[in-house]
Amino acid sequence: MASKYIALPKGISEQTFDAAVRDFSRVLGDESVLTAPERLAPYIKTMMPVPDSEHTLSAALMATTVEQIQKILAICNKYKIPIWTISTGKNLGYGSAAPAERGQVVLDLKRMNRILEVDKDLAYALVEPGVTYQQLYDYIKERNLGLWLSVPAPSAIAGPTGNTLDRGVGYTPYGEHFLFACGMEVVLANGDVLRTGMGSLPNSNTWQVFKWGYGPYLDGIFTQSNYGIVTKFGFWLMPAPSAYRPFVIRYQNEEDIEEIVEIMRPLRINGVIPNAVVIAHALYEAPVIARRSDYVTGPGSISDVAVRKLVKDHNLGIWNVYAALYGTEEQIALNWKIVTQAFGKSGRGQILTQQDVGDDPAFAYRAALMRGDMNLQEFSLYNWRGGGGSMWFAPVSQARGSETLKQMSLTKQILAKHGLDYSGEFIVGMRDMHHIVDVLYDKTDPAQEKAAYQCFDELLTVFSAQGYGTYRVNSAFMDKVASTYGPVQRQVHKTLKKALDPNGILAPGKSGIR
Amino acid sequence: MTRKKPMGRGRSSTFVLTPIVMAFVLDAIAQVAPENPAPASAPGAKWKNGAEVYAKICGYCHENGKVGPVILGRQLPPAYIHAVVRNGSRAMPPFRFSEIDEESLAKLAEYISKSQNTQ
Numbered sequence: 001m002a003s004k005y006i007a008l009p010k011g012i013s014e015q016t017f018d019a020a021v022r023d024f025s026r027v028l029g030d031e032s033v034l035t036a037p038e039r040l041a042p043y044i045k046t047m048m049p050v051p052d053s054e055h056t057l058s059a060a061l062m063a064t065t066v067e068q069i070q071k072i073l074a075i076c077n078k079y080k081i082p083i084w085t086i087s088t089g090k091n092l093g094y095g096s097a098a099p100a101e102r103g104q105v106v107l108d109l110k111r112m113n114r115i116l117e118v119d120k121d122l123a124y125a126l127v128e129p130g131v132t133y134q135q136l137y138d139y140i141k142e143r144n145l146g147l148w149l150s151v152p153a154p155s156a157i158a159g160p161t162g163n164t165l166d167r168g169v170g171y172t173p174y175g176e177h178f179l180f181a182c183g184m185e186v187v188l189a190n191g192d193v194l195r196t197g198m199g200s201l202p203n204s205n206t207w208q209v210f211k212w213g214y215g216p217y218l219d220g221i222f223t224q225s226n227y228g229i230v231t232k233f234g235f236w237l238m239p240a241p242s243a244y245r246p247f248v249i250r251y252q253n254e255e256d257i258e259e260i261v262e263i264m265r266p267l268r269i270n271g272v273i274p275n276a277v278v279i280a281h282a283l284y285e286a287p288v289i290a291r292r293s294d295y296v297t298g299p300g301s302i303s304d305v306a307v308r309k310l311v312k313d314h315n316l317g318i319w320n321v322y323a324a325l326y327g328t329e330e331q332i333a334l335n336w337k338i339v340t341q342a343f344g345k346s347g348r349g350q351i352l353t354q355q356d357v358g359d360d361p362a363f364a365y366r367a368a369l370m371r372g373d374m375n376l377q378e379f380s381l382y383n384w385r386g387g388g389g390s391m392w393f394a395p396v397s398q399a400r401g402s403e404t405l406k407q408m409s410l411t412k413q414i415l416a417k418h419g420l421d422y423s424g425e426f427i428v429g430m431r432d433m434h435h436i437v438d439v440l441y442d443k444t445d446p447a448q449e450k451a452a453y454q455c456f457d458e459l460l461t462v463f464s465a466q467g468y469g470t471y472r473v474n475s476a477f478m479d480k481v482a483s484t485y486g487p488v489q490r491q492v493h494k495t496l497k498k499a500l501d502p503n504g505i506l507a508p509g510k511s512g513i514r
Numbered sequence: 001m002t003r004k005k006p007m008g009r010g011r012s013s014t015f016v017l018t019p020i021v022m023a024f025v026l027d028a029i030a031q032v033a034p035e036n037p038a039p040a041s042a043p044g045a046k047w048k049n050g051a052e053v054y055a056k057i058c059g060y061c062h063e064n065g066k067v068g069p070v071i072l073g074r075q076l077p078p079a080y081i082h083a084v085v086r087n088g089s090r091a092m093p094p095f096r097f098s099e100i101d102e103e104s105l106a107k108l109a110e111y112i113s114k115s116q117n118t119q
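Sequence lines, in order, name chains A and B. Residue numbers are given in full-length UniProt numbering: position 361 of the first sequence equals residue 361, and the series is strictly consecutive. Residue numbers are given in full-length UniProt numbering: position 63 of the second sequence equals residue 63, and the series is strictly consecutive.
The following block holds chain A by itself, in its conformation from the complex (with noise of 0.2 angstroms):
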């Protein structure tokens, strides 16, 4: 007989799966407990070259609250139900909103989505896991707080808690998303709820601006991880500078990505350009003015002859470096004269300002995700290849230019080896760079879905034989990923999951934890 399920965790009955789900529906109403077909459909779409079957869910519930979270982790216990959690569920090009194992029940905690505070002062915010950049940007502009969100590219409809949870970054000086949280609330797998740091503390009204709290801090073993389900988050927001100055770089050859890198370095580090600055590559800004149909017929990858032609043609920048100078209009005339002084030394890079460039729409997109602004035109990156195939390939790298260089060529290199092309960026922090590159292919195409699956995990070997780590990947390589680390890293994760997850109910194969 059919199953009434499109999936079952792994080693459940239906029957105890009934159990189960008549269980979450005591606690939640029907409504919120999905497991119909068209009401599953929207979880299981993912941009990874494997197939959707691998990562469909068995059940979904939209829980709202802390004690209804409580309730449904008893019952996970009780029947040993596997859950995987997701906040806006846009993950994408890291597993979207599926889960990792197939037939995991999804808690989907989107509706939990209250703005608990924002406080203008002291410049930070507390926030369910359901809440999006979109909405949190609409409660400061209506109540003209005067703070900047830091937000990833799909700004609008993802949120801070899944982004930072995930270890995301985004582009303005609060950047590295992690470095500027402050204090959660996790519903551990027994029930329990902590606070970390100074929330511990009862009446503590310190939880949002003293990230350490008292002994060993906790807050780094809830990110990319599955040892407990957090339901508040505080984080730092940026006080609206007086003045904001984007502006962009270009470069013609992509050997020239060592000077970039060898300049911005000393600026970085010395805070005279404070913001998460990029370097993209031709092929990351492409998409958003040109289609690769006219560059390239047939199969493999694009040609460096084609991508000069390109670049000259839009009048790009092979490598095109985006950062911005904030404060007020005398620090920004000291800080720009020493920028351009830095960067106009060889003559090889062409600097460039709003002024400059107009209404260029890779500018724009760019100058709005410098200053925390809702904007999707990033996506444009899907239409290089189409048919909806993408995975994030996150090496980091030393801000050291001959490392750079050495990173890309070796991607580039691999990825035509597979026939697919090189749409990378280098996100720049203070001393390391997040070397992002999007593994774009046709998953409509059976040939190319198998190739970027094959170019994927070739460049996952190849990096990490060469010490190059990963730091964050979709759910179809996460165990890839956790046994470059070495056996006594996983083992020390696995000890913590034991103790603090025996049942192992909270999302299993999250980053290689089980």
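Don't read these hints as lab results, they were simulated from the structure. Careful: at least some of the hints might be erroneous.
Pair by pair, the computed Cβ-Cβ distance ranges are [what the hints assert, rightly or not]:
| id | chain 1 | residue 1 | chain 2 | residue 2 | range |
| --- | --- | --- | --- | --- | --- |
| 1 | B | Ala106 | A | Leu334 | 54 to 60 angstroms |
| 2 | A | Gln491 | B | Arg74 | 38 to 44 angstroms |
| 3 | B | Tyr80 | A | Gly298 | 29 to 35 angstroms |
| 4 | A | Ser242 | B | Glu110 | 43 to 49 angstroms |
| 5 | B | Pro77 | A | Gly486 | 35 to 41 angstroms |
| 6 | B | Gln116 | A | Arg308 | 42 to 48 angstroms |
| 7 | A | Ser242 | B | Arg74 | 23 to 29 angstroms |
Backbone N, C-alpha and C define an ideal beta-carbon position, used for all residues, glycine too.
Please arrange chain B on chain A, whose structure you already have, making use of the hints.
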């Protein structure tokens, strides 16, 4: 593709306010009578009207065809819009019942379907 101006901003919305107020009420109910199931109209998925959803989500990609195709003024059938929203299409992500409930999606589909061609 031609170069297009970025989409304008500045229209305020009550999207935030209503769910927050509702959520406080629901939270209070949950604390008093935690066995009570949450009502179907849980916070977070109700939108004021189709124009609001378009402005806050769809328009970022579809306005003037910036990323996805133009969808206004094409008399697209509501059933088609419903299907694309719930299932996604190629790179477009699907949107869940937790993000937009059926009533709000019906309003959105009607708004898009009956919109005039202004682009």
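Hint check:
1. Between B:Ala106 and A:Leu334 the Cβ separation comes to about 56 angstroms, which falls inside the hinted range of 54 to 60 angstroms.
2. Range check, A:Gln491 to B:Arg74: about 57 angstroms between beta-carbon atoms, so the 38 to 44 angstroms window is missed.
3. As the Cβ distance of B:Tyr80 to A:Gly298 is approximately 33 angstroms, the hint placing it in 29 to 35 angstroms holds.
4. The given range of 43 to 49 angstroms is respected by A:Ser242 and B:Glu110, whose C-beta atoms sit roughly 44 angstroms from each other.
5. Take B:Pro77 and A:Gly486: their Cβ atoms lie about 55 angstroms apart, and the range 35 to 41 angstroms is violated.
6. Our hint of 42 to 48 angstroms for B:Gln116 and A:Arg308 holds, since their Cβ atoms are close to 43 angstroms apart.
7. A beta carbon spacing of about 44 angstroms between A:Ser242 and B:Arg74 contradicts the range 23 to 29 angstroms that was offered as a hint.
Of the numbered hints stated above, those contradicted by the structure are hints 2, 5, 7, listed in ascending order.
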